[in-house]
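Chemist: Make a model of the complete structure from these sequences and hints.
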Amino acid sequence: MSALWTHISGSPAKKPHYGLLDTVRGICLISMIAYHGMYDLVDVFRLPAAWYHSWPGYVWQQSICWTFILLSGMCWRLSQHHIKRGLILVGCATAISLITWLAMPSQLILYGVLNLLGLSALLLIPLDKVFRKLPPWAGLAGALALFVITRNIPRGSLGFEGWVFCQLPPALYQWDFPAVIGFHSPQFYSADYFPMIPWFFLYCAGYFLWGILSESPRAKKLLTPGIRPLSFLGRHSLVIYLAHQPVLMGIFLLLGQLSVF
Numbered sequence: 061m062s063a064l065w066t067h068i069s070g071s072p073a074k075k076p077h078y079g080l081l082d083t084v085r086g087i088c089l090i091s092m093i094a095y096h097g098m099y100d101l102v103d104v105f106r107l108p109a110a111w112y113h114s115w116p117g118y119v120w121q122q123s124i125c126w127t128f129i130l131l132s133g134m135c136w137r138l139s140q141h142h143i144k145r146g147l148i149l150v151g152c153a154t155a156i157s158l159i160t161w162l163a164m165p166s167q168l169i170l171y172g173v174l175n176l177l178g179l180s181a182l183l184l185i186p187l188d189k190v191f192r193k194l195p196p197w198a199g200l201a202g203a204l205a206l207f208v209i210t211r212n213i214p215r216g217s218l219g220f221e222g223w224v225f226c227q228l229p230p231a232l233y234q235w236d237f238p239a240v241i242g243f244h245s246p247q248f249y250s251a252d253y254f255p256m257i258p259w260f261f262l263y264c265a266g267y268f269l270w271g272i273l274s275e276s277p278r279a280k281k282l283l284t285p286g287i288r289p290l291s292f293l294g295r296h297s298l299v300i301y302l303a304h305q306p307v308l309m310g311i312f313l314l315l316g317q318l319s320v321f
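Numbered by this note's numbering, the letters in the sequence shown go through residues 61 to 321 in order.
In case anyone wonders, no lab produced these hints; they're calculated from the structure.
Bear in mind that the values here come from a model prediction, so they are computed numbers and not experimental data.
It is possible that some hints are incorrect.
Simulated pairs of lysine-lysine, BS3-like, Cα-Cα distance not exceeding 25 Å [unchecked claim]: (1) 189 - 280; (2) 193 - 280; (3) 144 - 189.
Modeler: Written out as structure tokens, the structure reads:
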């Protein structure tokens, strides 16, 4: 995949081209734009929507990030130039952090999804030779197990969502410098936070999932066709990702001037 999420998620850079992956990414991109539009309306412009900060809104948000991260891991093995792609993503993430720090400190973004995807793409480079020696089904099972076990590490425990297996020592959560990994002080804040633990394990799950699918000619055939307009969005997701929030904010500010809100 050559433009957008080629950089964000590592879409296929050469033939064969799996259009369904682009299509799914395009659908998720639309969902993400709608979700962030609601975020702007509720958290920035203070429009009431109790459901957004309850279970329905959380499930919506998680469905988007889970899909993007899994797709990124899947497409890592289909793409090339991992160092370049990873550095581009980390660079974009750094720029977003600087912009939000200067323009909207209340919405500061540190270690967001772009940073996760960039660091994951780079980290998989040395791990790839080891991972390829593992049976894909074993790697997938192990990656998912680690994701489930470590899902709550940023919240101070081992466990998955409401299931707490055990609390971790408070001494691990005294500083913010390991926040990129998943350990941070109670004062740490980021409007978009995706630390390496647990999310790198979900990225690896996508990596191993493609290892399973790539062994099935039928699966690869089913993944080949896509829906062209959605595939177009999917192939250009990095550009759209970087542009969508300024565009949304511009639209809402204009509507605010027109007294719509």
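Chemist: Against this structure, judge whether each hint is valid.
Modeler: Results for each hint:
1. Note on residue 189 and residue 280: the hinted pairing holds, with a Cα-Cα distance of about 23 Å set against a maximum of 25 Å.
2. With a CA separation close to 22 Å, the supplied pair residue 193 and residue 280 stays within the 25 Å bound.
3. Simply put, residue 144 and residue 189 have alpha-carbon atoms about 19 Å apart, close enough for the 25 Å limit, and the pair holds.
Checked against the numbered hints given earlier, the structure satisfies every one of them.
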